[in-house]
Each structure stands twice: as C-alpha cells, then as structure tokens.
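Colleague: Here the structure of chain A is known, so what remains is to put chain B in place on it, guided by the hints.
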Amino acid sequence: MAKKKSPFRNLSEFEKEITDFANKHRLEVAEHSKRISDFFEISCFNYLIRYYKNKGYTVTPQNLISGKYRYKCSPAGIQKNFSFFEIKKKVRGIEHIFEIHHNLAIQSSHDEDIYTTPDIVIIQSDSVKYTTSYYNTKKTFSFVESNDLKTFCEVKNFAPFPELLFNFIGILNELKKEYMIKQNKSDSPVHIAPSLVISGKGNKPTNLIRERLQSRYNINIIYDTFFEGRFYFTRQAGELRKT
Amino acid sequence: MSKIINILTAKLNYETANLIYNEYQERLRESNYLIDNYDYYKSLRERKASVETTLALSIFYKRLITNFEGFLSFTNTLHRNKINEMNVGSNLYQKKDMKRLYFLTKDFYDILQKFNISPLLFDYNDTKDFLKNLLEYRLK
Numbered sequence: 000m001a002k003k004k005s006p007f008r009n010l011s012e013f014e015k016e017i018t019d020f021a022n023k024h025r026l027e028v029a030e031h032s033k034r035i036s037d038f039f040e041i042s043c044f045n046y047l048i049r050y051y052k053n054k055g056y057t058v059t060p061q062n063l064i065s066g067k068y069r070y071k072c073s074p075a076g077i078q079k080n081f082s083f084f085e086i087k088k089k090v091r092g093i094e095h096i097f098e099i100h101h102n103l104a105i106q107s108s109h110d111e112d113i114y115t116t117p118d119i120v121i122i123q124s125d126s127v128k129y130t131t132s133y134y135n136t137k138k139t140f141s142f143v144e145s146n147d148l149k150t151f152c153e154v155k156n157f158a159p160f161p162e163l164l165f166n167f168i169g170i171l172n173e174l175k176k177e178y179m180i181k182q183n184k185s186d187s188p189v190h191i192a193p194s195l196v197i198s199g200k201g202n203k204p205t206n207l208i209r210e211r212l213q214s215r216y217n218i219n220i221i222y223d224t225f226f227e228g229r230f231y232f233t234r235q236a237g238e239l240r241k242t
Numbered sequence: 000m001s002k003i004i005n006i007l008t009a010k011l012n013y014e015t016a017n018l019i020y021n022e023y024q025e026r027l028r029e030s031n032y033l034i035d036n037y038d039y040y041k042s043l044r045e046r047k048a049s050v051e052t053t054l055a056l057s058i059f060y061k062r063l064i065t066n067f068e069g070f071l072s073f074t075n076t077l078h079r080n081k082i083n084e085m086n087v088g089s090n091l092y093q094k095k096d097m098k099r100l101y102f103l104t105k106d107f108y109d110i111l112q113k114f115n116i117s118p119l120l121f122d123y124n125d126t127k128d129f130l131k132n133l134l135e136y137r138l139k
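Chain order of the listed sequences is A and B.
Going by numbering that gives the first Met the number 0, 106 is the number at position 107 of the first sequence; the sequence numbering is gapless.
Going by numbering that gives the first Met the number 0, 26 is the number at position 27 of the second sequence; the sequence numbering is gapless.
In isolation and in its complexed conformation, chain A is listed as follows (with noise of 0.2 Å):
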C-alpha cells in the first residue's frame, strides 16, 4: 500500500503545493488581507445570531442599503445607514423583538453623558437614538440607552493576555453595572451574558483569570474562537451563561 503522503516524507512537493496555491491567489489574499479585523468582527457577529438562531429566535437582516447589507465597520457613522439583524421570539404569547448591532455607542449605566461602543450590541427594538449636541460641532451621534441595552460581546483577533480580559470587566461595569453585583438577572427571553470572544487559545494563567471572573460575574469569556470556541455557538451553547 502507498504511504500517505506527509510534509516529512513528500516536503518538495508539498513546497510545490503551497508555492502554486500562492501564485494563483496572491491577489486575492492580498486584497482580503487588508480587511482582517473587519472579517474577524464579522465571523463573530455571525455566530451571535447562529447563537439567536438556536435559541429558537427568527432572525432577518434589516436596513438593507440599495439591497446591499452594509457592514458599519467603526464607530463612526450614522446608524441609520447601517444594516443590522433583527431577532424575534414568542414568549407566552408574547412577541419580543430585539436588534443586533455593530459597533453602536452605548450609554453608560452610571452617568447619562458618557458612552462607549462596543463591538456588537443587542438592544431593545427600534431604541436607536441621535443627537447633535455630543461633539463640538453639529455632527450627528447615534447611540442607545442603557436601559434598551440587552447585552454586548467585545471581541479580539489576539491571544488572551491579562490585561485584556480585565479591561472587559471596566466595560462591564460602564455599561451594565448591576451584573458586578448580581451574579444572575432574570430577563425573559433570555439573552447570552456579557461576553468576551477571543480568538486565540488560553494558556495555563489566562485560563485561571477566564475561571475566576466568570465566577464572580455573569459572563462568558470564550477562546480558540475559530476551533473549540466557536462550538459554544452552536452544539455546546447551553454551556454559555445567559442573562
């Protein structure tokens, strides 16, 4: 019988491989490399609404621009020229409807007057604000209250470090105060907690800070996003802690 083929036993060829597959889409992956980040966020984004989607939520993309759906990349920008996706379940009877976002201001839970964007938020239908009067000039400036804020998930292209997952916990306590002294809300529906989506793999320190934070906080701090991660979303998401 042949053997298999391997990098050990067959190095040339598969050098010859890697340097034809180059060649033919250099351009491309040029091209697409440009917008890593924007990918990164977008994958995640994806898997929050496979999450809704799951959790027995009908989700339809809306605002769509010209037919397109537009992808609103930074915190700059009006809202209303952005699409988002909207979720709906029937609770008891009940409809709910919510909004997942990207990158939205969100006011803070603390003060009416300061707000920060997270990278993808679900907020209570149609709850969307603006106003002129944030900046120095008169340029507009779209936000939500903290009160129509459901949830949010930060998400990062690294590997988990210290100081990253504790700055999670400085958000947290801006946006949704009460989780650092309540460990369980009750909503109905229910949401996912707060999260933080990394994509690179734990080591032995950071897995002990993600251990102790959820712990002491009602939220989820998820690695490896793009291996055992992403299964969270999908077959293991009754793992994930909710609101």
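The hints are simulated quantities; they were obtained by calculation from the structure and are not laboratory data.
A portion of the hints provided could be inaccurate.
Quick list of the computed label-pair ranges, beta carbon to beta carbon [what the hints assert, rightly or not]:
1. Ala-9(B) to Glu-94(A): 49 to 57 Å
2. Gln-93(B) to Tyr-129(A): 40 to 48 Å
3. Asn-206(A) to Asn-5(B): 34 to 42 Å
4. Lys-131(B) to Leu-207(A): 19 to 27 Å
5. Gln-24(B) to Lys-52(A): 25 to 33 Å
6. Tyr-13(B) to Lys-87(A): 42 to 50 Å
7. Leu-138(B) to Ser-36(A): 36 to 44 Å
These numbers come from a predicted model, not from an experiment.
Cβ atoms here follow ideal geometry from the backbone N, Cα and C, with glycine treated the same way.
Modeller: Showing chain B alone in chain A's frame:
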C-alpha cells in the same frame, strides 16, 4: 526554493505581512531551540525544513484563512436571506468575490487533505504545543 513564509506573505499589505512574518520568526527560533535542546523533540532534528514549512502554513491559516472562512460563513447567512451583496467599509463584495474567496479557501484545504493534515494540527497557542501536534501527526 525560497522560504515558504516569503512566498506566502509576498504582496500582502505591510501590517499583515509583518504580523505573520514576525510571529513566524519568533516561533521558528523557539522551535529550533526546543528541537535542539530537548530529547522529547529529537525526532524532528533531521526534519527541520518540514517543521519550518508547516509552521509557516499554520500561521498563514490562523491569521488569514480562518478569518476568510468566518466572513464566508456570514455571507452564507446573507445568501439564505436572498442578499448577494455586502459593503464592508468602502469594499463591495459581490457574489463573484465571495465565490473567488470560497475557491481560495477550498484550494487551501485541498493541500491539507492531500498531505493528510487536519486543521487541528494548527490549533496551538504555545510553540511547544505545535511541535507536540507535529509529533502526534508523524505517528499517525
């Protein structure tokens, strides 16, 4: 043949190429140190060129291909809702762009398949785990 890492990063934008190249150099140094100094990895001593090429491919996979796939997965969600075009910043992605991206990832996986490599070989954080994955792979 010139180093695979140079071939894989040629024409990438400076920031991404640098990120991949620096990670590769750092891990290669660590990998050579572990292979030269620890008996556990000694079976890889005569196979450093294979380790080097596989390492380059693994970083390319983790930094680029996984993100391309994640993006494609979102475009599939849009297709199911009969939306075939998407704007990301100033870039417009049409059906033909997504098709090309699909074939790019498919061609990458075809190489893995041809050489019996599971993407799980690339699931590591520490370089020593990559070497352990390689040792396990060699035993199969």
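Colleague: Indicate, hint by hint, whether the structure satisfies it.
Modeller: Going through the hints against the structure:
1. Range check, Ala-9(B) to Glu-94(A): about 54 Å between beta-carbon atoms, so the 49 to 57 Å window is met.
2. For Gln-93(B) and Tyr-129(A), the Cβ-Cβ distance of about 31 Å falls outside the hinted range of 40 to 48 Å, so the restraint is violated.
3. Checked against the hint of 34 to 42 Å, the C-beta distance between Asn-206(A) and Asn-5(B) comes to roughly 35 Å, which is consistent with it.
4. The given range of 19 to 27 Å is respected by Lys-131(B) and Leu-207(A), whose C-beta atoms sit roughly 21 Å from each other.
5. At about 42 Å, the beta-carbon gap between Gln-24(B) and Lys-52(A) misses the expected band of 25 to 33 Å.
6. Roughly 45 Å separates the CB atoms of Tyr-13(B) and Lys-87(A), a value that falls within the hinted 42 to 50 Å.
7. Under the hint 36 to 44 Å, the C-beta atoms of Leu-138(B) and Ser-36(A), about 37 Å apart, fit the expected range.
Against the hints set out earlier in the document, violations occur for numbers 2, 5.
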